[in-house]
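**Q** The lines below spell out each chain.
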Amino acid sequence: MYQELILEHYKHPQGRGLREPYDAEVHHVNPTCGDEVTMRVKLGDGGKVLDVSYDGQGCSISQAAASVLHELATGSTVHESLSVVDEFTRLMQGRGQVEADEDVLGDAVAFAGVAKFPARVKCALLAWMAYKDALVRSQA
Amino acid sequence: MTSAAPFDVERIRKDFPILSRELPGGRPLVYLDSGNSSQKPTLVIETMREHLAQHYGNVGRALHALGSESTEAYEGARDKIAAFIGAPSRDEVIFTKNASESINLVAYAFGNPINTDERFKVGPGDEIVISEMEHHSNIVPWQLLAQRTGATLRWFPVTDEGRLDIEGLNELVNERTKIVSIVHQSNVLGTVNSESPILARVREVGALMMLDASQSVPHQAVDVAELGVDFVAFTGHKMVGPSGIGVLWGRRELLDAMPPFLGGGEMIEAVWMDHSTYAPVPHKFEAGTPPIVEAVGLGAAVDYLTSVGMEEIKQHEKELTGYALDALQEVNGLRIIGPRTVVARGGTVSFTMEGIHPHDVGQILDDVYGIAVRVGHHCARPLHLRFGIPATTRASFYLYNTTAEIDALVRGLHHVQKVFG
Numbered sequence: 001m002y003q004e005l006i007l008e009h010y011k012h013p014q015g016r017g018l019r020e021p022y023d024a025e026v027h028h029v030n031p032t033c034g035d036e037v038t039m040r041v042k043l044g045d046g047g048k049v050l051d052v053s054y055d056g057q058g059c060s061i062s063q064a065a066a067s068v069l070h071e072l073a074t075g076s077t078v079h080e081s082l083s084v085v086d087e088f089t090r091l092m093q094g095r096g097q098v099e100a101d102e103d104v105l106g107d108a109v110a111f112a113g114v115a116k117f118p119a120r121v122k123c124a125l126l127a128w129m130a131y132k133d134a135l136v137r138s139q140a
Numbered sequence: 001m002t003s004a005a006p007f008d009v010e011r012i013r014k015d016f017p018i019l020s021r022e023l024p025g026g027r028p029l030v031y032l033d034s035g036n037s038s039q040k041p042t043l044v045i046e047t048m049r050e051h052l053a054q055h056y057g058n059v060g061r062a063l064h065a066l067g068s069e070s071t072e073a074y075e076g077a078r079d080k081i082a083a084f085i086g087a088p089s090r091d092e093v094i095f096t097k098n099a100s101e102s103i104n105l106v107a108y109a110f111g112n113p114i115n116t117d118e119r120f121k122v123g124p125g126d127e128i129v130i131s132e133m134e135h136h137s138n139i140v141p142w143q144l145l146a147q148r149t150g151a152t153l154r155w156f157p158v159t160d161e162g163r164l165d166i167e168g169l170n171e172l173v174n175e176r177t178k179i180v181s182i183v184h185q186s187n188v189l190g191t192v193n194s195e196s197p198i199l200a201r202v203r204e205v206g207a208l209m210m211l212d213a214s215q216s217v218p219h220q221a222v223d224v225a226e227l228g229v230d231f232v233a234f235t236g237h238k239m240v241g242p243s244g245i246g247v248l249w250g251r252r253e254l255l256d257a258m259p260p261f262l263g264g265g266e267m268i269e270a271v272w273m274d275h276s277t278y279a280p281v282p283h284k285f286e287a288g289t290p291p292i293v294e295a296v297g298l299g300a301a302v303d304y305l306t307s308v309g310m311e312e313i314k315q316h317e318k319e320l321t322g323y324a325l326d327a328l329q330e331v332n333g334l335r336i337i338g339p340r341t342v343v344a345r346g347g348t349v350s351f352t353m354e355g356i357h358p359h360d361v362g363q364i365l366d367d368v369y370g371i372a373v374r375v376g377h378h379c380a381r382p383l384h385l386r387f388g389i390p391a392t393t394r395a396s397f398y399l400y401n402t403t404a405e406i407d408a409l410v411r412g413l414h415h416v417q418k419v420f421g
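One line per chain: the protein sequences are X and R, in this order. Residue numbers for the first sequence follow our numbering, beginning at 1 and rising by one. Residue numbers for the second sequence follow our numbering, beginning at 1 and rising by one.
Incorrect hints may appear among the rest.
[To be verified] Computed cross-link-like contacts, BS3-like style, restricted to lysine-lysine with a CA-CA straight-line distance of at most 27 Å:
#1 R/Lys-418 x X/Lys-116
#2 R/Lys-418 x X/Lys-122
#3 X/Lys-42 x X/Lys-11
Hints listed in this document are in silico derivations from the structure and should not be mistaken for laboratory results.
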């Protein structure tokens with residue numbers, strides 16, 4: 001479960017910290033464990049994701065997942081990044097039975113092991129669900 | 001029953017079949033989560049199996065042989081529990097689903113239009129007092145009561161050491177106070193609260209007092225008559241009994257004055273289409289078919305604990321706690337949340353580790369070493385907010401734990417630090 005890549009992102013989070021400007025900000029919490037994330041999204045022309053900035057607290061899985069998301073989504077497009085979110089969600093909710101599509105997921109494939117721990121799946125998904133929510137609000 | 005032999009933890013461990021199982025990957029089980037729920041001895045498992053296999057029938061309402069055997073076992077369990085907690089009368093022992101239900105039952109008697117007893121009248125201007133170290137089960141029912149009635153919810157603060165801060169007692173508990181409900185032993189801090197100074201003030205102002213004894217009844221001899229409070233709640237599954245059975249003890253005279261909580265079968269005396277009269281306590285509060293086998297199992301749990309001896313159990317846990325407090329304080333960056341000595345303290349030790357989230361601590365302890373601890377806020381979120389932390393890791397001990405298991409915990413924590421270092 002604790003892949004080197006996850007630990008690396010946890011110890012050295014990428015793109016952490018809330019930045020201006022942004023189109024939408026969301027705050028998501030995981031009530032059972034108290035993990036939380038605040039996320040901002042800034043979109044540009046043609047559905048380009050200019051920035052994903054975030055802050056939060058929680059376990060290594062939830063914080064590393066936010067860092068990996070930042071890397072994957074920033075510079076991508078809304079359309080492309082949503083397909084990564086969908087694949088990541090499918091992997092996480094697959095109870096460890098789903099074969100991950102590494103081409104779509106990139107570094108996020110490191111979280112495959114988390115899917116075997118139902119109690120931790122929501123940790124991995126916290127930032128990704130926040131991102132999806134932020135996109136909806138940005139486009140509203 | 002008196003203690004048959006000197007306390008021998010290895011002998012006791014043999015009474016709990018689960019403790020000798022292996023986890024996947026050949027990990028031995030190190031169970032340090034009894035504050036969450038305890039494991040069950042063979043006596044409890046076999047007594048329940050035997051009841052289901054040989055004596056099962058509904059209680060109170062079936063006149064046949066099985067009905068009477070089942071009723072005898074169910075009511076016999078009540079006798080055992082009454083004796084175990086020193087209840088002046090067996091009828092003061094009410095079976096509930098758990099401690100939460102016991103507390104809700106009492107809270108529901110207050111500010112209830114069908115209860116005309118002055119002591120239970122609650123409205124705007126009246127006050128309910130709890131503490132900052134409560135489990136959610138001793139917070140939310142009182143919040144609901146305050147919302148229903150317009151009363152004000154107030155609470156004792158907690159000191160940095162993790163003790164109840166009763167400096168403001170005389171102001172906090174005053175003539176507007178209707179009920180004070182506090183935890184006997186904290187499920188996070190391990191702190192054992194002394195009820196006596198609070199009770200003295202409660203009596204001065206004519207209020208009532210309840211203790212949430214979910215974490216004390218399993219670990220020390222609790223005598224409700226000696227405590228002198230009005231209500232005591234606890235649960236079966238934390239005291240080597242099954243889940244699904246809890247207890248409310250209350251003073252007879254108060255229970256008589258209280259309205260039923262749930263309406264239904266067997267809680268009545270007579271029913272007409274437009275009204276009913278109710279059975280005397282305890283059955284007034286036991287609507288519907290109760291958890292029969294669970295009650296019988298709890299009776300066996302009490303037999304088991306009594307045969308080991310509550311004093312012996314308390315002493316064993318005190319030794320474990322002292323050993324754990326010393327060993328854990330040697331771990332760099334580990335901060336104990338709660339008293340750091342064994343004085344007025346039970347075997348529940350919660351802590352944080354610098355830079356490492358409790359979920360990660362718990363996951364690695366389990367995955368690598370088979371060590372079961374609880375991580376999170378342990379249903380005591382306000383207490384964690386008080387200490388400015390989102391969560392803790394909690395090790396909780398019981399009669400079957402050993403110092404070797406505490407050594408394993410410490411080794412596990414060093415490994416956790418290596419992974420995240």
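**Q** A separate judgement is required for each hint: does it hold in the structure or not?
**A** We went through each hint and held it up to the structure:
no. : hint                  : result
1   : R/Lys-418 x X/Lys-116 : 23 Å, holds
2   : R/Lys-418 x X/Lys-122 : 25 Å, holds
3   : X/Lys-42 x X/Lys-11   : 25 Å, holds
In summary, this structure violates none of the numbered hints.
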